[in-house]
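Please construct the entire structure, taking both the sequences and the accompanying hints into account.
Line order of the protein sequences matches chains A and B. Okay, so the first sequence: first residue is 0 according to numbering that gives the first Met the number 0, each after it adds one. Okay, so the second sequence: first residue is 0 according to numbering that gives the first Met the number 0, each after it adds one.
Don't read these hints as lab results, they were simulated from the structure. Please read all numbers here as calculations on a predicted model, not as lab measurements. The C-beta atom is built at its ideal place from N, Cα and C for all residues, glycine as well. It is possible that part of the hints are untrue.
Quick list of simulated restraints, FRET-style, between CB atoms [as the list claims (entries may be wrong)]:
1. B:222 / A:165: 55 to 61 Å
2. A:16 / B:222: 30 to 36 Å
3. B:5 / A:151: 27 to 33 Å
4. B:74 / A:134: 24 to 30 Å
5. B:5 / A:222: 39 to 45 Å
6. A:115 / B:5: 35 to 41 Å
7. A:115 / B:222: 43 to 49 Å
8. A:21 / B:267: 44 to 50 Å
9. A:2 / B:90: 42 to 48 Å
10. A:16 / B:223: 23 to 29 Å
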Amino acid sequence: MTDRGGVVQSINQCLLELVGGVKDNWVAKPLDLMFPMASRIFLQTHVWPMLLREGRVSEIRLQLLSDANKQVPVFVNCQKSTLDSIERYTWVFFVSIERIRYEQELLEARQRAEAMSVDLAKSERFIRTVTEAMPSMIAYWDFQLRCQFANKSYLEWFGRTPQEMLGLSISTVLGPNLFEENWPHIQGALSGEPQEFERAILKPDGTVGQTLANYIPDFNANGDVLGFFALVTNISRLREADAAIRLSASVFEATMEGIMVTDATATIISVNPAFTALTGYTSEEIIGQNARILKSGRHDAAFFNAMFHDLRVSKLWKGEVWSKRKDGTIYLERLCISAICNEAGVAHRYVGVCADITQQWNKEQLVQHMALHDGLTDLPNRALLMERIGQLIAMTAREPRRIALLFLDLDGFKLVNDTWGHEIGDQVLKTVSSRLLSLLRPSDTVARLGGDEFVLLLDNPENRDSVAMIASRVIEVVNDPMNFNGKTAHVGTSIGIAFFAKEVTSPDDLLKNADDAMYKAKAAGKNTYRFSD
Amino acid sequence: MNKISSSSNIFVRNNVKVLEGDGDVVLYAHGFGCNQDMWDRVTPAFKSSHKQVLFDYVGSGRSDISAFDSDKYASLKGYAQDVLDICDALDLRSGVIFVGHSVSCSVGILASIARPGLFAKLVLIGPNPCFVNHAPEYVGGFEKEDLEGLLALMDQNYIGWANYLAPVVSAQGETGAVTTELSDSFCSTDPFAAKVFARTTFFSDNRNDLPKVTVPCLILQHRTDTLAPVSVGEFVHAHLSGSTLKVLEVIGHCAHMSDPELVVDAMQEFLTLPNQTAK
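Structure below.
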């Protein structure tokens, strides 16, 4: 028995046997001393507040400190009584070994269960953390097709909250159309067959996403299907990338331009069909070869150095290149090379796009040729002649050289024309042309000015006599009779010779001087030559 | 963590009771293991002179256990935040007289440091800023091992509770709180919350906070108190500048319940003193 401060007023023998000592050791001492510290705290924080308010407590579990300094579990009841307005608290301690052991077992069972459920909660939280972190949609549908689990992505795609999702049927979640489309796969999964399929899903925000769905059946130990896991991956971007790649590939395949891809060392790693058509190399033959296999030999090292320089500096080179086909023929290509850089900014691929422009080049060459040559004889015309005279005159400024111009006018050509017709006349002009060419060095020029006028331009002849000798030879070969299908034609020529001199300032002057001299030859009876001075 | 809750939510969360009256506001904060009922022998004395506010910490009494947050209440600052939330919900700006018991003395101290202008005076019944001994300079009364024994005893005594043996640990629950049908025993303390509160109470060390208090304090020290010996009361007095230490001739830790008249007299004397800021 204690007062309301917990000071012992009396104590019976039974309790003394538990806590030790005799009555006088305990009277007027705090009851607290009978307890270990934890029980004292519990008394002060839990028992006394209740006791003071309600006047009684029952079946409080505490530990008593035995005289052997051991802790003895006890049940405690306490009842307040008031006598002569003095409060008394009667404490009853009882030891119930069996009950305490039983309760201890219950408690341990509870603690084990609690620990297990904490572990379970932890692992569930872990699984949830993992599944929430997944960009894929993950859900579990039981055999009744009710949702038992859906991760964050799944909820977002279908615009559901976690609360409304659980227990919802798959037909409600998917909607009638998608449910109907997926029904064969749902049935398949429920019959134990894993399913994989692609599906376009209309999301709540109105956009359509491409998905790859896996339905994985969940079996119990007996092999019965309990439901299935749905793993749905958003492959929209993959599909878009696929489409872009397919488009690029079809462009690569179908384009008219030849395309060649090399690595940084110019080893060819890919070519397209147009490239094969252009070069004659199949991709099997050329892949792995160095691009130098295409070199024609028409360009010097400086040309390629400039190309590599441009590629280094501007990652791009455009130009025309003579290249060599598999069969050895040379062709001209218009080539555009782009350097493709990796993340580090280093060029690791070169893409060359080329087109064969040989024919175009040939055509241009022809046009250019026709502009400067006589259509009938293919000899240089007046324009080209004047250009060459100009070139030679320009060269005299650097080093002194002799330039001789022989102006020829055929004698008797009009008669041939009138007698045999223009066709024979043309044959005569062509024959004269080839005879003149046969007389001269490649550095000399034979030109036709039109009609029956020819000009020989001699670069640096030895002297006046050698020119006179050439003039005589010319008269000789021109005078050779010509036989065309049994018809014999004969022409002669009068030649005026002029030399370049200081007072001659232009090609026209030189030509005029020779022309004047030719008239002197004509006046002298034709088929002869005269010098202008 | 601090959700903006409407006033009514706070009233429900902390089971706030207001005893209307003319005068300054007295706010009572119960200690560990108890609830607001422990003040019912003190409040009648101030019925006409003060407006009195009572509440339960989350997890104690008839508070809203669903608001229990084991992280928030692992620190006494979480409990101090409850006190400030209640003042805000009642639109109290200043002049509040805080009456705290046991660990709530530290809660009041933390609240007054956070909001010095809110409180006019603190009444600290059985304060202990640090229950655990820090030998040799400080004797709080307990060793860390004693707490394990206390937690085991709490478990053993909660065994009689409905559902306590059904380990319903909510797997998804943020708090992991055990939902238990509460009986009235032990002041309706939720077992899970009680264990958190026990750890927070016995492992907090607020000795360094004492000098930061600027509000006048009355320390009501029990003559013989297992949980807060006189030496601790003297330590608190020494470190709370301008505080008043009054030793009550009481054995135990709950003078406001065992000897309410002593507490009422001391409070009335202290509250009639003119408000003055501690130096």
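So, against the hints stated earlier in the document, which numbers end up violated here?
4, 5
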